[in-house]
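Q: Could you put together the complete structure from these sequences and hints?
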Amino acid sequence: MSFSNKVIWITGASSGIGKSLAIAFANKNAKLILSSRKKEALELVKSECKNSENVKIITLDLEDYNNLQVKADEAIATFGKIDILINNGGISQRSLVKNTQIMVDKRIMDINYLGTVALTKAVLPHFIKNKNGQFVVTTSIVGKIGTPLRSSYAASKHALHGFFDCLRAENHKNNIAVTLVCPGFINTNVSKNALTGDGTPQGKMDVATGNGMSPERLAILMIKAIEKKKEEVYIAGAKEKLGIYTKRFFPKIFSILVRKMSVT
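Per full-length UniProt numbering, the very first residue in the sequence shown carries number 1; after that it's consecutive.
Derived from the structure by calculation, the hints contain no laboratory data. All the pointers check out, no bait thrown in.
Straight-line Cα separation of at most 27 Å, DSSO-like style, residue types lysine-lysine; simulated pairs:
hint	residue 1	residue 2
1	Lys39	Lys50
2	Lys46	Lys6
3	Lys56	Lys38
4	Lys81	Lys39
5	Lys38	Lys192
A: Okay, here's the thing in structure tokens:
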């Protein structure tokens, strides 16, 4: 697949993974639509992109999922089409189940799951009409396995796998691809912005996150998976990948290992 002149819409594009994807795709001469809540940050990302005249900005809030159809219509009108929607926006969590207020569970599901689903449904008729399109979803290794302090986050990512597996099966005949990308620890501000039990941000970097893969490296590997239209890919360290397969084939052993993780 050549990405030259392909129209790619990226959510969560103001920093981290989304920013790295935007810069990498711009270097491949794609036409980009960048979205997040933060217009000024998006403008900075745009300024770092090659051929910035082919980069457009549409601010949106995934939590405001009832109004995303308007944003999708605006995005389609920007270049006349969308070829790839990268559902990358979201928020994480760092709190025990017993300490997590239900409003936090709801907010994480509203942003990570319902916001992503609503935007996807808004774009889907356009893909069906064109008999072409690709949905890319940044999920997580914890979209396959659950670990301490991430109950709501893991639930939202598990839900995305169920939804998009169904969407893929229903729309194969329409030449619509779905690529689920499951990163492990990536060195971004995701842990700093993660919600604690009362809904406030954690405000500090996790050690594992700080030691994680760079978002620039992840972007390169994601683009390879998108290019090949892989259905599901795990981009993570050996231990993280091993966790997935241990959970699948040796669930009791996995449970024992997870119980030993620190939850303080």
